[in-house]
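Student: For reference, the chains in residue letters:
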Amino acid sequence: MAIPFPSAEWLEALIAVLNSDERYAKVAKSWEGAIFIIIDPDESSGGDGKEFGIYLDLWHGTCRGGEYFEVLPENFPDVAFTLRTGNANMRKILRGDLDPMQAMLTRRLRVDGNMGYMLRNVPTVLDFVRCCRLVPMDTI
Amino acid sequence: MPQFLIVHDVKVYPETQDDWIGLWRKLRERAHGEAEWLHSFFEPSTGKLYCEWEAPDVDSILSCLSEEVLDLAPVSSTSEVVLFDVTWLDNQES
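Chains as they are written, first to last, in this note's numbering: chain A, 2 to 141; chain B, 1263 to 1356.
None of these hints come from the bench; they were simulated from the model.
One should not assume that every hint holds.
Sample of chain A residues lacking proximity to chain B, with all beta carbon distances greater than 12 Å (derived) [to be verified]:
1) 16
2) 21
3) 38
4) 70
5) 80
6) 97
7) 106
8) 111
9) 113
10) 114
11) 120
12) 125
13) 139
With a straight-line Cα cutoff of 25 Å, these simulated SDA-like cross-link-like pairs (lysine to any residue) come out [said to hold, decoys possible]:
14) B:1310 <-> A:118
15) A:30 <-> B:1275
16) B:1310 <-> B:1294
17) A:27 <-> A:102
18) B:1310 <-> A:102
19) B:1288 <-> A:67
20) A:30 <-> B:1294
21) B:1288 <-> A:51
22) A:93 <-> A:73
23) A:51 <-> A:82
24) B:1273 <-> A:121
25) B:1288 <-> A:117
26) B:1273 <-> A:116
27) A:27 <-> A:67
28) A:30 <-> B:1325
29) B:1288 <-> A:73
30) A:30 <-> B:1276
Just so you have them, the derived chain A footprint on chain B, three or more residues with Cβ under 8 Å [to be verified]:
31) 1280-1292
32) 1302-1311
What you are looking at is a predicted structure, and each value in this text was computed from that prediction instead of being measured.
Yeah, the Cβ is synthetic: ideal placement off N, Cα and C, and Gly gets one too.
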């Protein structure tokens, strides 16, 4: 059953995938760092101008928790990486229509954090995206 | 045109996304002309960057690499290589 994206339900389903996926546990076993994904509004999100936030506490191949923000908090969570993209590009990444590394190299996905750490952990990044793609997402 | 595989050992990683994009853009701009940078494969576990080039000779490739690039990712080997495209096998006559 498709789950609306972005939403608390989608985040809950993603956390369940991350914590049950054997491959992710293995590939991401060295990863230490929470991430905060900010999804900017665009035509695909209904044009109501709202930003959404998804916080994920990723630690050694597990997800220790997460939070969905319908309204961005005044004080952002303390994270290793903040990722920012438009709703349409995020959906392209999640559908497999946009390579996440290409999105980073073309700034369609903005990264605030240690890029060296991100590059040294590309397999973890790609496997995280693979897990995201396992969550059935609504179409708009 | 001969093809080459240039292997770099990445010694210094970019701190920010802008540093990373800026460096790759600069190299991309220099890599048009006699020598053309085609693809790169990065091996995160070793920090090796395998770059495929098309060029008349290896010197024309090395001349594209700025001091900045060579400081961050010195060249560890250069090889002239030949491409075998596995899809050729799909079209062979039996």
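Student: All hints, please: hold or fail.
Tutor: A quick look at each hint next to the structure:
The Cβ of residue 16 (chain A) lies farther than 12 Å from every Cβ of chain B, with a closest approach of about 25 Å, so its non-interface assignment holds. For residue 21 (chain A), the shortest C-beta to C-beta distance to chain B comes to about 25 Å, beyond the 12 Å cut-off, and the non-interface label holds. Interface exclusion of residue 38 (chain A) from chain B stands, the closest Cβ pair being 15 Å apart, more than 12 Å. For residue 70 (chain A), the requirement that its beta carbon stay farther than 12 Å from each beta carbon of chain B is met, with the minimum near 23 Å.
In this structure residue 80 (chain A) is separated from chain B by more than 12 Å, as the shortest Cβ-Cβ distance comes to about 15 Å. Listed as outside the interface, residue 97 (chain A) is consistent with that label: its C-beta sits roughly 20 Å from the nearest C-beta of chain B, beyond the 12 Å cut-off. The Cβ of residue 106 (chain A) sits about 6 Å from the closest Cβ of chain B, inside the 12 Å cut-off, so the non-interface label is violated. Listed as a non-interface residue, residue 111 (chain A) fails to keep its Cβ farther than 12 Å from every Cβ of chain B; the least gap is roughly 7 Å.
Its closest Cβ contact with chain B, about 8 Å, brings residue 113 (chain A) to no more than 12 Å, contrary to its assignment away from the interface. Not every CB of chain B is more than 12 Å from the CB of residue 114 (chain A) (nearest about 8 Å), against its label as outside the interface. Some Cβ of chain B comes within 12 Å of the Cβ of residue 120 (chain A); the nearest lies about 6 Å off, and the non-interface call is violated. With a closest Cβ-Cβ approach of about 9 Å to chain B, residue 125 (chain A) is found to fall inside the 12 Å limit, against its non-interface label.
Every beta carbon of chain B lies more than 12 Å from that of residue 139 (chain A), the smallest distance being close to 29 Å; the non-interface claim holds. This hinted pair checks out: residue 1310 (chain B) and residue 118 (chain A) have alpha carbons roughly 15 Å apart, not beyond 25 Å. Proximity of residue 30 (chain A) to residue 1275 (chain B) is assessed by CA-CA distance (about 21 Å); at most 25 Å being required, the pair is judged to hold. The straight-line distance between the Cα atoms of residue 1310 (chain B) and residue 1294 (chain B) is roughly 23 Å, inside the 25 Å bound, and the hint therefore holds.
A C-alpha spacing of about 21 Å is found between residue 27 (chain A) and residue 102 (chain A), which places the hinted pair at or below 25 Å, so the restraint holds. Restraint check for residue 1310 (chain B) and residue 102 (chain A): the C-alpha separation of about 17 Å stays at or below 25 Å, so the hint holds. The suggested pairing of residue 1288 (chain B) with residue 67 (chain A) is violated, with an alpha-carbon distance near 38 Å, which exceeds 25 Å. A threshold of 25 Å between alpha carbons decides the hint, and for residue 30 (chain A) with residue 1294 (chain B) the separation of about 40 Å lies outside it, so the pair is violated.
Restraint check: the Cα-Cα separation between residue 1288 (chain B) and residue 51 (chain A) comes to about 36 Å, which exceeds 25 Å; the hinted pair is violated. Annotation: proposed proximity of residue 93 (chain A) to residue 73 (chain A) holds, straight-line Cα distance about 22 Å (limit 25 Å). A threshold of 25 Å between alpha carbons decides the hint, and for residue 51 (chain A) with residue 82 (chain A) the separation of about 21 Å falls inside it, so the pair holds. This hinted pair checks out: residue 1273 (chain B) and residue 121 (chain A) have alpha carbons roughly 12 Å apart, not beyond 25 Å.
The suggested pairing of residue 1288 (chain B) with residue 117 (chain A) holds, with an alpha-carbon distance near 18 Å, which does not exceed 25 Å. Between residue 1273 (chain B) and residue 116 (chain A), the direct Cα distance comes to roughly 14 Å. Compliance with the 25 Å bound is thereby established for this hinted pair. Simply put, residue 27 (chain A) and residue 67 (chain A) have alpha-carbon atoms about 20 Å apart, close enough for the 25 Å limit, and the pair holds. With a CA separation close to 40 Å, the supplied pair residue 30 (chain A) and residue 1325 (chain B) exceeds the 25 Å bound.
Proximity of residue 1288 (chain B) to residue 73 (chain A) is assessed by CA-CA distance (about 36 Å); at most 25 Å being required, the pair is judged violated. As the CA atoms of residue 30 (chain A) and residue 1276 (chain B) are separated by approximately 23 Å, the hinted pair is consistent with the 25 Å bound. Residue count for the stretch 1280-1292 of chain B with a Cβ under 8 Å from a Cβ of chain A: 4. That meets the three needed, and the coverage hint holds. Figure legend: the stretch 1302-1311 of chain B, annotated as covered by chain A; annotation consistent (3 residues with Cβ-Cβ distances under 8 Å, at least 3 required).
The earlier numbered hints that this structure contradicts are 7, 8, 9, 10, 11, 12, 19, 20, 21, 28, 29.
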